[in-house]
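S.K.: If you're matching them up, the sequences are chains A and B in order. Heads up: the first sequence begins at 525 in this note's numbering, then just goes up one per residue. Heads up: the second sequence begins at 16 in this note's numbering, then just goes up one per residue.
There may be inaccurate statements among the hints.
Simulated restraints on C-beta separations [said to hold, decoys possible]:
1) ALA137(B) / GLU790(A): 54 to 64 Å
2) LYS761(A) / ARG116(B): 31 to 41 Å
3) GLY86(B) / SER752(A): 52 to 62 Å
For the record, the hints were derived by calculation from the structure and aren't laboratory data. Quick caveat, the model's predicted, so the values are computed rather than measured. Note that beta-carbon positions come from the ideal geometry of N, C-alpha and C, so glycine has one too.
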Amino acid sequence: MTVIATNTRGPQPSLSEASFGRELIRFNTAGSVDNGKSTLIGRLLYDSGGLPEDVIKTIAARSRDGGKLNLAAFTDGLKAERERGITIDASYRYFQRGERDFIVADSPGHFEYTRNMLTATSHSDATLILVDAEHGIVEQNRRHAYLASMAGVKNIAILVNKLDLFDYSRARFDEIQGEFSQLLEKLPDVQLTYIPISALNGENIVQSSRFTPWFEGPSVLGYLEGLSPERDVPVDKVRAVVQWIEREERDGRREVVVRLDQGSLENGDRLRSSPGDEEVSVQELSVPAGFVVRTSATQARFQVPWTTRLQRGDILSRAETPLSNMSRFDARICWMDERPLREGERYLVRIGGHLTEGTIERVDQRVDIGTYEHIDDQRALTLNEVGVVTISVARPLAAVQFGDDRRAGALILIDPGSGHTVAAGGVLKGNEA
Amino acid sequence: MNHVLGHRIGKETSPPTLPSLSTLDRLEAEAFDILWTTRAELPPAGIMFSAGKDSACVAHLAEKAFRTSSGGLEFPFSLIHYDSGANFPEVLQFREETARRLGADLKVFHLPSAAAEGIVTAPINTPGDPGNVGGLVQLINYSAQSLDVRALIGGGRRDEELVRAKERIFSLRDSAGRWDPHAQRPEPWALYNTTVRAGEHMRVFPISNWTERNVWEYIARENIALPSIYYAHERAVVQRNGAWLAVFPDTPIAPHERIERRVVRCRTVGDRHTTGFIESEASPPTEVLDEILRARTSERSGRVEDGGSGTDMESRKRLGWP
Ligand SMILES: Nc1nc2c(ncn2[C@@H]2O[C@H](COP(=O)(O)OP(=O)(O)O)[C@@H](O)[C@H]2O)c(=O)[nH]1
Numbered sequence: 525m526t527v528i529a530t531n532t533r534g535p536q537p538s539l540s541e542a543s544f545g546r547e548l549i550r551f552n553t554a555g556s557v558d559n560g561k562s563t564l565i566g567r568l569l570y571d572s573g574g575l576p577e578d579v580i581k582t583i584a585a586r587s588r589d590g591g592k593l594n595l596a597a598f599t600d601g602l603k604a605e606r607e608r609g610i611t612i613d614a615s616y617r618y619f620q621r622g623e624r625d626f627i628v629a630d631s632p633g634h635f636e637y638t639r640n641m642l643t644a645t646s647h648s649d650a651t652l653i654l655v656d657a658e659h660g661i662v663e664q665n666r667r668h669a670y671l672a673s674m675a676g677v678k679n680i681a682i683l684v685n686k687l688d689l690f691d692y693s694r695a696r697f698d699e700i701q702g703e704f705s706q707l708l709e710k711l712p713d714v715q716l717t718y719i720p721i722s723a724l725n726g727e728n729i730v731q732s733s734r735f736t737p738w739f740e741g742p743s744v745l746g747y748l749e750g751l752s753p754e755r756d757v758p759v760d761k762v763r764a765v766v767q768w769i770e771r772e773e774r775d776g777r778r779e780v781v782v783r784l785d786q787g788s789l790e791n792g793d794r795l796r797s798s799p800g801d802e803e804v805s806v807q808e809l810s811v812p813a814g815f816v817v818r819t820s821a822t823q824a825r826f827q828v829p830w831t832t833r834l835q836r837g838d839i840l841s842r843a844e845t846p847l848s849n850m851s852r853f854d855a856r857i858c859w860m861d862e863r864p865l866r867e868g869e870r871y872l873v874r875i876g877g878h879l880t881e882g883t884i885e886r887v888d889q890r891v892d893i894g895t896y897e898h899i900d901d902q903r904a905l906t907l908n909e910v911g912v913v914t915i916s917v918a919r920p921l922a923a924v925q926f927g928d929d930r931r932a933g934a935l936i937l938i939d940p941g942s943g944h945t946v947a948a949g950g951v952l953k954g955n956e957a
Numbered sequence: 016m017n018h019v020l021g022h023r024i025g026k027e028t029s030p031p032t033l034p035s036l037s038t039l040d041r042l043e044a045e046a047f048d049i050l051w052t053t054r055a056e057l058p059p060a061g062i063m064f065s066a067g068k069d070s071a072c073v074a075h076l077a078e079k080a081f082r083t084s085s086g087g088l089e090f091p092f093s094l095i096h097y098d099s100g101a102n103f104p105e106v107l108q109f110r111e112e113t114a115r116r117l118g119a120d121l122k123v124f125h126l127p128s129a130a131a132e133g134i135v136t137a138p139i140n141t142p143g144d145p146g147n148v149g150g151l152v153q154l155i156n157y158s159a160q161s162l163d164v165r166a167l168i169g170g171g172r173r174d175e176e177l178v179r180a181k182e183r184i185f186s187l188r189d190s191a192g193r194w195d196p197h198a199q200r201p202e203p204w205a206l207y208n209t210t211v212r213a214g215e216h217m218r219v220f221p222i223s224n225w226t227e228r229n230v231w232e233y234i235a236r237e238n239i240a241l242p243s244i245y246y247a248h249e250r251a252v253v254q255r256n257g258a259w260l261a262v263f264p265d266t267p268i269a270p271h272e273r274i275e276r277r278v279v280r281c282r283t284v285g286d287r288h289t290t291g292f293i294e295s296e297a298s299p300p301t302e303v304l305d306e307i308l309r310a311r312t313s314e315r316s317g318r319v320e321d322g323g324s325g326t327d328m329e330s331r332k333r334l335g336w337p
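Turn these sequences into a full structure, and let the hints guide you.
M.R.: Next up, the structure:
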């Protein structure tokens, strides 16, 4: 189906708007095939005025129906996708509006691409799940909501799409919301928002629709503009990951470079490393120009004694609240390889900044991501299956739970033979080393 | 609560929170992480340094990620230039200056010489292939083999083009330099898989998630030097396929074409025979930024080599195009 799109470009932005203080929001769309994901993204890109004219021309030329614009064609970049008319791999698009920059990933709907969906959603501040009002909630909707939550996304919006086919009926919207919310309430720590839309006609996408006077919530763009980016975290907690240790010696000291994922630092702060268990005092803190000494900058450098045992990947936290170490842990993972999981075999484990060897000791449970039930089923996980497993690692690592920090508590498994990334997930619980 | 200059102050709620990072800080942090990982896990690595604005940004990010607070710099990557033999003199000058300033090892792979030596066998400078695509692909693959690098770092961005939009940040190439779009490794939570086996190498794209606008904002914020042709200057040009092309003594001019002097600048630099200029008065980076905000066409449209056709890019990339 093709669309005649209307262009509601706002006034020209001025340089003052190009200030360097804008914020970035990353989100992804999800839903089953033909729920309208690509149409929605095309709508957002087009109606927010973020598309260059020659791109529109290329797309228009590609639209099957000649002169009319096929909004979905903005995202399907690969040949095989255009031939099969579906989205296989996540595609990233960029637009900006006012004080916000947006990166949107259009993720695939088919079950066979579940792993790509998990990947796309793992970077997101929010996930938009499209439900087709005509078909109601389908298996893929349930799965995608689960995967978003598993990926650590705290904001999930359910967009009830194609409501134009029901004359924007409140009853249909309420029915779908009622049914879905029963299941979604099982997801821990998630903010849910329901929005009635027509991606095709642009209703409740950028502006509030006059067809849904009964709806008091935001439009999709309004929702996105109201989100607060990931970094709103407490000041008092420190989570600094060692990136680099300079080899050059200066007065018996050398410089360590950290990525400050959480908290802030100042000179004199006492930190403790995990897994190395070394105490360091922050000295001669230096941060990129533009930041004062106490810093929430992403890169910070400070001096440590020359003899330090700190290593790349070590995590520094406040000495009063050190992290413990783990050499074995429970993890919830999604299997991503054609070749099923093999218990007892060696994999490379990347967890936070560490890369080490490990073994999946056993599969403890399988998760039905359509019902969110944990099933006592210890058979090997196969492609796209989610389960809880016990992993042991060759050397101890900082014990960080994924629920506390999705950056440091996330992991991937790599098959050293094929080089494939075979699984991804998060640490549920670490066992003392 | 005022921890940071030039940033919004955290909300006055309890417990107190830090102000969120700006877009540029978040993008910069992502790039640092990618460069540190490359340095630690994929040495030796080189930056594919075209001396254009995107690769200048990448070189600057690497400098910033590795310069110590006392000012020392052991630049960890070589700078690799694929020289088409038809560069703007300003670009060559900038290439030399940058390598000198960073103390980086500059490796130049000269396309016409490689063709003369039989390293590159694809025809170069043929009509219909004005970007020397076949030849450059061979040259890039040859460079990866001969330098024995495990990673080539590039300035590719996902917003440039629809196929690029799908590519991973750590993107594997087989021993012939080929890319397989359907066997890409997932990169959840920015956990990169840097495994390369014998003969393979990685292409690494630290500014994948930057837009053209972000690049110019960063150039302005960080005061990054660029070749002068990015900024308004007067030069002899001729109108061809809707763009202004620079006129050199060896530029063939058709009888109906008229050479004019115009104030122009380029949006991307490439081969001096095909790089399109736009009429522009914009000179400092902030003016360029302002102009981009008003621009209605994407930057690749300035190149004669492709009309932004997504599929062509896919075929090229499969063969080893960066
Ligand atoms: N009636 C109606 N059709 C829609 C709406 N949104 C999308 N569609 C149609 O649904 C079909 C699938 O849309 P598409 O965006 O390709 O779905 P995707 O597979 O989820 O990306 C296309 O024919 C669209 O035109 C809507 O709001 N109302």
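S.K.: Each hint: holds or not?
M.R.: Hint check results:
Checking the proposed 54 to 64 Å range against ALA137(B) and GLU790(A) shows it holds: the Cβ atoms sit about 57 Å from each other. In this structure the supplied range 31 to 41 Å holds for LYS761(A) paired with ARG116(B), their Cβ-Cβ distance being about 39 Å. Between GLY86(B) and SER752(A) the C-beta distance comes to about 37 Å, which lies outside the given range of 52 to 62 Å.
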